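Asks: On the provided structure of chain A, position chain B as indicated by the hints.
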Amino acid sequence: DTEVTQTPKHLVMGMTNKKSLKCEQHMGHRAMYWYKQKAKKPPELMFVYSYEKLSINESVPSRFSPECPNSSLLNLHLHALQPEDSALYLCASSRYRADTQYFGPGTRLTVL
Amino acid sequence: GQQVMQIPQYQHVQEGEDFTTYCNSSTTLSNIQWYKQRPGGHPVFLIQLVKSGEVKKQKRLTFQFGEAKKNSSLHITATQTTDVGTYFCAGRLTAGGTSYGKLTFGQGTILTVHP
Chain A
1 DTEVTQTPKH LVMGMTNKKS LKCEQHMGHR AMYWYKQKAK KPPELMFVYS
51 YEKLSINESV PSRFSPECPN SSLLNLHLHA LQPEDSALYL CASSRYRADT
101 QYFGPGTRLT VL
Chain B
1 GQQVMQIPQY QHVQEGEDFT TYCNSSTTLS NIQWYKQRPG GHPVFLIQLV
51 KSGEVKKQKR LTFQFGEAKK NSSLHITATQ TTDVGTYFCA GRLTAGGTSY
101 GKLTFGQGTI LTVHP
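From first to last, the protein sequence lines stand for chains A and B. Counting from 1, one number per residue, gives the positions in the first sequence under my numbering. Counting from 1, one number per residue, gives the positions in the second sequence under my numbering.
Bear in mind the hints are in silico, worked out from the structure with no lab data behind them. Quantities reported herein were computed from a predicted structural model and do not represent experimental measurements. Think of the CB as a built atom: it goes at the ideal place given N, C-alpha and C, for glycine as much as any other residue. This list has only true hints and no planted wrong ones.
Looking from chain B toward chain A, a few residues come up when the C-beta cut is under 10 Å (computed): (1) 41; (2) 42; (3) 48; (4) 86; (5) 90; (6) 100.
The shape of chain A in the complex, shown without the other chains (with noise of 0.2 Å):
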């Protein structure tokens, strides 16, 4: 079994609201991770969680705020975000930071 599921499946939020993306999986996966990704664009490494603790985060702005409360799930906090922020948010986990990634479907965010 090599899923990993994301919720919401689609979200639009104001600028001023505050919302959060969970993704979870049951694989026993110990690394995690959020990506950005336009249309006709790479996904884009944002954040890296590896035993719970964080990693790598890309320089990604404070508006986004991530969380791993757990070894199966992995939140995105989001806050103040502007239009540019639109986009597909995808997770991927894997069993350790060096191994392949699976990816869950994405949130497809729209920001008014």
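Replies: Below, chain B without anything else, positioned relative to chain A:
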């Protein structure tokens, strides 16, 4: 920083024709992964290549990793309409450090197959 260049950006083929996409890295890679993303979908893992000169096949798909571990290719024989999508390569550096495990994606090749 590390770059992975992927060509072509777009490829239009008639059903039954072959298709190839190429990736080239500015630095030696530990391994390279290939993903397929259907329109409206998410990247789906296809394969990982680790060894220098490695060739792997999956039905009509053939994946190669160069001898210097700096380039890779994906070849599809006799394309079908189900092959439509964007194919991404993603390379991983050999070194450790803060970027350990990080994948660097190529820009992707968008494949259109005309029936």
